[in-house]
Amino acid sequence: MNAIRFYRHQRGDEVVLEYNFYDHQFAPTNLVVRKLFMAMLDAARNRLTNLEIEYNDHMLAEKLGRRAVEVLQLLGASRETMRENKSEDGVTYSRTFTAALTEERFQYFYQLQDIAQFPCYRLLEGGRQRVVFYFNQYLSLHLPEKELPQFFQRLQEVQVPFQIIAVGNA
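For what it's worth, this note's numbering labels the leading residue of the sequence shown as 7, then goes sequentially.
Hints are computed from structural coordinates only; laboratory data are not their basis. Possibly wrong hints are sitting among the right ones.
[Stated by the list, open to error] Label pairs and their in silico Cβ distance ranges:
#: 1; residue 1: Q79; residue 2: Q16; range: 37 to 47 Å
#: 2; residue 1: P150; residue 2: R73; range: 17 to 27 Å
#: 3; residue 1: K152; residue 2: G96; range: 38 to 48 Å
#: 4; residue 1: T108; residue 2: F158; range: 41 to 51 Å
[Claimed, not checked] Here are the simulated DSS-like pairs of lysine-lysine, each with C-alpha atoms no more than 25 Å apart in a straight line:
#: 5; residue 1: K41; residue 2: K152
#: 6; residue 1: K69; residue 2: K92
#: 7; residue 1: K69; residue 2: K41
Please read all numbers here as calculations on a predicted model, not as lab measurements. Virtual Cβ for every residue (Gly too), placed ideally from N, Cα, C.
The whole structure should be built from the sequences, with the hints applied where relevant.
Pasting the structure below:
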């Protein structure tokens with residue numbers, strides 16, 4: 007297997023490592039992508055406090071069927087946490103909710119077989135992004151530089167070769 011490329015952006019004292027889906031053409035269900043995602047979760051785990059999920063009702067129902075409501079409730083969606091995203095003409099195109107990241111919710115993400123189950127989600131420390139999946143475009147890890155060795159070590163443990171490409175400051 008060729009090395010997985012991460013684009014490295016420096017943002018102050020933090021580093022963003024971005025895996026671009028277009029570079030490798032791996033599906034979000036691919037074992038390598040799942041290993042990347044789990045390594046990101048492992049590296050950020052001690053910082054994660056919240057999750058934010060954006061989804062489209064129709065697409066989620068197609069993907070999860072009858073389980074959609076159950077999964078949304080498990081992850082903390084409720085009338086109180088929900089926000090509708092509307093077009094200029096008032097049509098709801100997606101919904102977003104934010105909830106506390108409990109151990110059960112963390113494990114749900116950690117065990118995902120298809121990391122694209124939701125089109126866009128962020129695992130947060132307070133309001134700060136730590137792990138982001140964005141519409142099958144990229145998967146990113148946001149951490150202080152001193153915490154990155156744990157991520158790299160985890161990738162080596164699961165035998166995922168990687169290379170870092172510095173792209174400057176963001």
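Please work out if K69 and K92 have their alpha carbons no farther apart than 25 Å. At roughly 22 Å apart (the allowed maximum being 25 Å), K92 and K69 satisfy the hint.
For K41 and K152, compute the direct alpha-carbon distance and say whether it is at most 25 Å. 21 Å, holds
Is the Cα-Cα distance between K69 and K41 25 Å or less? Roughly 22 Å between the alpha carbons, so the hint for K69 and K41 holds.
Just tell me: holds or violated, for the beta carbon distance of K152 and G96 against 38 to 48 Å? 47 Å, holds
Looking only at beta-carbon atoms, does the pair T108, F158 fall within the given range of 41 to 51 Å? Since the Cβ atoms of T108 and F158 sit about 28 Å apart, the hinted range of 41 to 51 Å is violated.
Take a look at whether the Cβ-Cβ distance between Q79 and Q16 falls inside 37 to 47 Å. 39 Å, holds
Between P150 and R73, is the Cβ distance one that fits in 17 to 27 Å? 37 Å, violated
Going down the numbered hints, you'll see the structure goes against 2 and 4, while the others check out.
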